[in-house]
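There are 2 protein chains.
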Amino acid sequence: MPPAPLPTGRNAKPRVVIIGAGFGGLAVARGLAHSGATVTIVDRQNHHVFQPLLYQVATAGLSPADIAAPIRSIVKRQKETRVLLAEVTGVNADQQRVLLSDGTTLDYDFLVIATGARHGYFGRDEWAEHAPGIKTLDDATRVRRNILLAMERAETIRQESLPDRDEYLTFVVVGGGPTGVEMAGAIAELTRHATDMDFRFITRRCLRVMLVEAGDRLLPTFPAKLGDAARKALNGLGVIVRLNGRVTDIGDYGVTIGDEKITTSTVIWAAGVQASDAAKWLDVDADRSGRVKVKPDLSVPGHPDIFVIGDTATLVDASGRPVPGVAPAAKQEGTHVARCLLARFTGSRTPPPFRYRNWGNLATIGRKRAVAEIGSFQISGLPAWLLWSTAHIYFLVGFRNRIVVGANWLWNYITFERGARLITGMTHVARHNA
Amino acid sequence: MPPAPLPTGRNAKPRVVIIGAGFGGLAVARGLAHSGATVTIVDRQNHHVFQPLLYQVATAGLSPADIAAPIRSIVKRQKETRVLLAEVTGVNADQQRVLLSDGTTLDYDFLVIATGARHGYFGRDEWAEHAPGIKTLDDATRVRRNILLAMERAETIRQESLPDRDEYLTFVVVGGGPTGVEMAGAIAELTRHATDMDFRFITRRCLRVMLVEAGDRLLPTFPAKLGDAARKALNGLGVIVRLNGRVTDIGDYGVTIGDEKITTSTVIWAAGVQASDAAKWLDVDADRSGRVKVKPDLSVPGHPDIFVIGDTATLVDASGRPVPGVAPAAKQEGTHVARCLLARFTGSRTPPPFRYRNWGNLATIGRKRAVAEIGSFQISGLPAWLLWSTAHIYFLVGFRNRIVVGANWLWNYITFERGARLITGMTHVARHNA
Numbered sequence: 001m002p003p004a005p006l007p008t009g010r011n012a013k014p015r016v017v018i019i020g021a022g023f024g025g026l027a028v029a030r031g032l033a034h035s036g037a038t039v040t041i042v043d044r045q046n047h048h049v050f051q052p053l054l055y056q057v058a059t060a061g062l063s064p065a066d067i068a069a070p071i072r073s074i075v076k077r078q079k080e081t082r083v084l085l086a087e088v089t090g091v092n093a094d095q096q097r098v099l100l101s102d103g104t105t106l107d108y109d110f111l112v113i114a115t116g117a118r119h120g121y122f123g124r125d126e127w128a129e130h131a132p133g134i135k136t137l138d139d140a141t142r143v144r145r146n147i148l149l150a151m152e153r154a155e156t157i158r159q160e161s162l163p164d165r166d167e168y169l170t171f172v173v174v175g176g177g178p179t180g181v182e183m184a185g186a187i188a189e190l191t192r193h194a195t196d197m198d199f200r201f202i203t204r205r206c207l208r209v210m211l212v213e214a215g216d217r218l219l220p221t222f223p224a225k226l227g228d229a230a231r232k233a234l235n236g237l238g239v240i241v242r243l244n245g246r247v248t249d250i251g252d253y254g255v256t257i258g259d260e261k262i263t264t265s266t267v268i269w270a271a272g273v274q275a276s277d278a279a280k281w282l283d284v285d286a287d288r289s290g291r292v293k294v295k296p297d298l299s300v301p302g303h304p305d306i307f308v309i310g311d312t313a314t315l316v317d318a319s320g321r322p323v324p325g326v327a328p329a330a331k332q333e334g335t336h337v338a339r340c341l342l343a344r345f346t347g348s349r350t351p352p353p354f355r356y357r358n359w360g361n362l363a364t365i366g367r368k369r370a371v372a373e374i375g376s377f378q379i380s381g382l383p384a385w386l387l388w389s390t391a392h393i394y395f396l397v398g399f400r401n402r403i404v405v406g407a408n409w410l411w412n413y414i415t416f417e418r419g420a421r422l423i424t425g426m427t428h429v430a431r432h433n434a
Numbered sequence: 001m002p003p004a005p006l007p008t009g010r011n012a013k014p015r016v017v018i019i020g021a022g023f024g025g026l027a028v029a030r031g032l033a034h035s036g037a038t039v040t041i042v043d044r045q046n047h048h049v050f051q052p053l054l055y056q057v058a059t060a061g062l063s064p065a066d067i068a069a070p071i072r073s074i075v076k077r078q079k080e081t082r083v084l085l086a087e088v089t090g091v092n093a094d095q096q097r098v099l100l101s102d103g104t105t106l107d108y109d110f111l112v113i114a115t116g117a118r119h120g121y122f123g124r125d126e127w128a129e130h131a132p133g134i135k136t137l138d139d140a141t142r143v144r145r146n147i148l149l150a151m152e153r154a155e156t157i158r159q160e161s162l163p164d165r166d167e168y169l170t171f172v173v174v175g176g177g178p179t180g181v182e183m184a185g186a187i188a189e190l191t192r193h194a195t196d197m198d199f200r201f202i203t204r205r206c207l208r209v210m211l212v213e214a215g216d217r218l219l220p221t222f223p224a225k226l227g228d229a230a231r232k233a234l235n236g237l238g239v240i241v242r243l244n245g246r247v248t249d250i251g252d253y254g255v256t257i258g259d260e261k262i263t264t265s266t267v268i269w270a271a272g273v274q275a276s277d278a279a280k281w282l283d284v285d286a287d288r289s290g291r292v293k294v295k296p297d298l299s300v301p302g303h304p305d306i307f308v309i310g311d312t313a314t315l316v317d318a319s320g321r322p323v324p325g326v327a328p329a330a331k332q333e334g335t336h337v338a339r340c341l342l343a344r345f346t347g348s349r350t351p352p353p354f355r356y357r358n359w360g361n362l363a364t365i366g367r368k369r370a371v372a373e374i375g376s377f378q379i380s381g382l383p384a385w386l387l388w389s390t391a392h393i394y395f396l397v398g399f400r401n402r403i404v405v406g407a408n409w410l411w412n413y414i415t416f417e418r419g420a421r422l423i424t425g426m427t428h429v430a431r432h433n434a
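Keeping their order, the protein sequence lines are chains A and B. Going left to right, the first sequence walks through residues 1 to 434 as the numbering used here numbers them. Going left to right, the second sequence walks through residues 1 to 434 as the numbering used here numbers them.
Be aware that a few hints might be false.
Note that identical chains are pooled: a pair holds if it fits in a single copy or bridges any two copies.
[What the hints assert, rightly or not] Simulated pairs of lysine to aspartate or glutamate, EDC-like, Cα-Cα distance not exceeding 20 Å: (1) Lys79 - Asp198; (2) Lys225 - Asp94; (3) Lys79 - Asp196; (4) Lys76 - Asp196; (5) Lys76 - Asp198; (6) Lys225 - Asp305; (7) Lys261 - Glu126; (8) Lys295 - Asp283; (9) Lys331 - Asp252.
Derived from the structure by calculation, the hints contain no laboratory data. Please read these numbers as outputs of a predicted model, since none were measured by experiment.
Throw the hints in and build the complete structure from the sequences for me.
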């Protein structure tokens, strides 16, 4: 199929629709700021979320507003960029239309799908209810509520129900990638300091934080040495790391690892991901996780006017390595698509195929502990933590948020306080056995 | 009835139960810190909320965590004070027991009820659904969502539905007391700056913010001069102030004032209050708003072991004036009850009857505008605003929150930015006619 013709006539501005205002989608919009195209960003939420810090919201270190910014204010200086709060239900590629949940449609000349991924439960969708993942602000505040409520219940449990108390003080994180490692470390810190400072009847010795990983080491995408450093750092925080631990069941009671049943009220999922429905919308080839197999220019085979980027796409890039599902990759892909589109608008030479530049990998394990890989350098401990903090504050969208997050972290560091320990969105206080 | 005897025997520590961790309840707990009594604070929420700033959360100026602090961390240094997250359903005064929603009970020697008030709709409870008030963090984030969603809908409405657009850009606040005045001013500022900066199709000329007051002036508890200053300041922000406006109906369509129907998607209630159920629990005399008529020492007639304070109580104090339903009054009452209890524990002389000390009244109307009454001084404009800001930052619970709120306000002041413009808790994006 030949490249889609540019619209002609009086209204010759090409119409670009971007679905999803994550790192990828925003990078496309930014790249097209002065392109002369009419850009429409469609998102279900009114805000962009800095996903790498969602776990800090879930563990009461930061407030939702610290790591999010309204999409409108991010693009407010791009006068040709529109923002539409709406839910996409499908794409009609023949008619070049995006279908919205209210029955209306949105016409495009070029479409970029950057809808990311949600959690995948390997076909066991019934686990989702008991083991939420953290992909949105609402997910994060829900997990925060679960953790804080569990501690309240443990504190106020009656004497005769004491044997039941352990389930409230056991926290299981499933998945030993960066999210799982960061989450387990942050839960250990939150719960230890809360028991030391705020509670009367439960102590840090009653706590049990477990990190379960199916493989034989943590951080499988990092060098083995750093996976080991992460494990030791987590052990130092009192986290029980279970390698080669296969989750066989999750239910109301807790989680089963192999044959071992663990009774717990809090299970957090940080294992598989499942791409959003782009492949179904387009009826094109996808991998096992639902990611669309894109061409080297990130367009969809058979649809030169449609691009898929970020966690929704899968690609072995020009260097021969698969592009990882991380924020920098999504950003770089977005910038690449903007360049390809600009080339098409102006008829100039098509950019070379996409190639991911890996600037490094970082994961943090609480105060003063982190692991980092930058090129051939591998560091851990305090230097890695300082690097991690600086990088994350730097990349936060919006100057204001950088200040607030920086101040919050500094404050937490000095005082061990957690400012956002609010249980909100409770419609009912259900005190179990208490 | 004679004063309740102190508990005797081996376990002679008197047990004080405080229901509600608002300004009043916390003041009691603080006053009993070194009393030797075992104090239990029961609250439905795990956090204390600085209610005078809730309207700033509702208008995206501050985040929930900026104006709230976990109750446990407020009392963490009081080792004899326990915190219980639970819902109270009643009181058995004969058996000296508080009944909880999970069927369990809590024994007391002395009980302090400081459960505050919720919004009262003058018997038209069906209005609550369409015109929420702002009493909790969840209320405030709900109102924030309503306001921000209304603007999104107005922005993305289709050409053919343009006549319907006005309902999304009309915001009606009912009640001309301090809360209503502050809310109307904040909505005007939020919406004006958002239309100027972030939106493409709606402008500040499309906006209509109305404040409806049944009486013939704003701020009825302030001197007339300040009510007038507030009206002028609101007019300067584009707020339409409707005095002598009687709300006769509220529904899905909007609100009716007298005979005039106003079509709007956003109505906010800041009019009547209704005390919590304390009077029903105790089966004692209450006024029209459900407030318990307490004795000069704030105890309940016939129940010398039970005290009711704050918005749940009504009293003409030793100066012959009714105690107003404001935060400083609740605090002073709490401190007074703690003193009365200490006197009973030690058998020392009973303190003189409660007398409210009015340090002044303040209300703010957006950036740089406020009105204040301190003794015989009446000020308005920028000096009043500076006073208001300083006072509120000073009284915020927790040193950390003071810094964050201070920094946020300064930032807003310099940039006109609003950091917390997040629409969260949406389970479904319903775009109407768009």
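Comparing the hints with the structure gives:
no.: 1; hint: Lys79 - Asp198; verdict: between (50 Å within a copy, 10 Å between copies)
no.: 2; hint: Lys225 - Asp94; verdict: neither (51 Å within a copy, 67 Å between copies)
no.: 3; hint: Lys79 - Asp196; verdict: between (52 Å within a copy, 12 Å between copies)
no.: 4; hint: Lys76 - Asp196; verdict: between (46 Å within a copy, 10 Å between copies)
no.: 5; hint: Lys76 - Asp198; verdict: between (43 Å within a copy, 5 Å between copies)
no.: 6; hint: Lys225 - Asp305; verdict: neither (44 Å within a copy, 65 Å between copies)
no.: 7; hint: Lys261 - Glu126; verdict: within (18 Å within a copy, 48 Å between copies)
no.: 8; hint: Lys295 - Asp283; verdict: within (16 Å within a copy, 75 Å between copies)
no.: 9; hint: Lys331 - Asp252; verdict: neither (39 Å within a copy, 43 Å between copies)
Comparing the model with each numbered hint stated earlier shows that hints 2, 6 and 9 do not hold.
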